[in-house]
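J.: Below are the chains, spelled out letter by letter.
Number of protein chains: 2
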Amino acid sequence: MRRIITIGRNFGSGGREVGRRLAERLGIAYYDHEIVTEMAKRTNLTEEYIRQIEESRTIPLLPITIGMTFSPQFYPMLDQSLQVFTEQSKIIKEMAEKSDCVIVGRCADYLLREKNPLRLFIYADMEYRIKRCRARGDADEDLSDKGLRARIQGVDKERARYYQLYTNQTWGDPENYDLCINTSRMDIKVLTEALAMFIEKTTH
Amino acid sequence: MRRIITIGRNFGSGGREVGRRLAERLGIAYYDHEIVTEMAKRTNLTEEYIRQIEESRTIPLLPITIGMTFSPQFYPMLDQSLQVFTEQSKIIKEMAEKSDCVIVGRCADYLLREKNPLRLFIYADMEYRIKRCRARGDADEDLSDKGLRARIQGVDKERARYYQLYTNQTWGDPENYDLCINTSRMDIKVLTEALAMFIEKTTH
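From first to last, the protein sequence lines stand for chains W and Z.
For the first sequence, the positions run 41 to 244 when my numbering is used.
For the second sequence, the positions run 41 to 244 when my numbering is used.
With the rest of the complex left out, here is chain W (with noise of 0.2 Å):
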């Protein structure tokens, strides 16, 4: 059988440790940051300002060139992170056609629907990942838990907006996955073991 797994988590929770241990302890791939790196190969746009689109910051817009057509055109913001987004889904369904993977992100649990993939969401209460993201240095360590909650929050309400944007469903909400994972009481490391055996067993 076939093994498809797609991640969605909130910022700070863990779930994309969780999904790069998991690939690693299942034996098969593992696309996270991969998908921006092929991104940027197949058109004219660094995987900085890539990054930056999936992100939906405010950015000065480039034209996007994808493989070699090249388009005279700017485009208004919305057109070009739907190119980006178009082009992405490409690479995933293909990812997802080569071999058996682990997808972080990028609403490829909808992306792969009809692949059956098993969707795990990945969460955690806002005192732990406050803690998780200042112990791994993911903050600026001059901001105060508050700032840092503002922070977290300010991420997972653009991921959510991402995601309803190209799936019409709301993120995070039980009924669009098939797991969803609190990590707040958890050890990561035990956790995905754990997890791995009961993706054996379900999906042998």
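Check before you lean on any hint, since a few could be wrong.
Identical chains blur together in the list; that is why a pair holds if it fits in one copy or across any two.
[What the hints assert, rightly or not] Taking lysine-lysine pairs in the BS3-like style, the calculated list, with each CA pair at most 30 Å apart, reads:
| hint | residue 1 | residue 2 |
| --- | --- | --- |
| 1 | Lys241 | Lys171 |
| 2 | Lys171 | Lys155 |
| 3 | Lys229 | Lys155 |
| 4 | Lys229 | Lys241 |
Keep in mind the hints are simulated off the structure, nothing from the lab.
Since we're looking at a predicted model, the values are computed, not measured.
Use these hints to put chain Z onto chain W, whose structure you have.
T.: Showing chain Z alone in chain W's frame:
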């Protein structure tokens, strides 16, 4: 390590079956109707009457007698529900004190929060739940799909209201659980085995 597992569940999702099988597989106690039976022993109320109060149906009010204390007054509905809830809470805490166990429903996740239980929420999409209810004869056979959907939504609404009333938390909101499991695309037996392995790994 003590294993206290609480299960909240959508009506028709198979949560109760998961609980029963899980307890059997892990070799620990299972409490569901057992709580009602114990309640009936300790009060002058019948099991049927207690179940009606639990489900917040409109029922004629009876005076409740707990243990040897006779309550001479008739209570308004909420007071009686509260008394039943209070007595039930005691029973649940006693049961969790006695041995490892799986407890279905009844705000056990909240009541036993100091024991750090593993809090599961079992859910499924409406299509699955309608199919399951029909296959198991959980609903009146003459109900249309539309009628069955209304019945299912009605039970869930009552569970949500009950949970909110006694915990001041939102029923089914992932933040109140450690693991939320969508049974729509899973085989309950396989799921239970996978879940048992997950629990053995994370709580050993």
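J.: It remains to establish, for every hint, whether it holds in the given structure.
T.: How the hints compare with the structure:
1. Proximity of lysine 241 to lysine 171 under the C-alpha cut-off of 30 Å is restricted to the inter-copy arrangement: shortest distance 25 Å between copies versus 33 Å within a copy.
2. Proximity of lysine 171 to lysine 155 under the C-alpha cut-off of 30 Å is restricted to the inter-copy arrangement: shortest distance 23 Å between copies versus 36 Å within a copy.
3. In the homo-oligomer, the alpha carbons of lysine 229 and lysine 155 lie at most 30 Å apart both inside one protomer (28 Å) and across protomers (23 Å), since each shortest distance falls under that limit.
4. Taking the closest pair of Cα atoms, lysine 229 and lysine 241 come within 30 Å of each other both inside a single copy (19 Å) and across two copies (11 Å).
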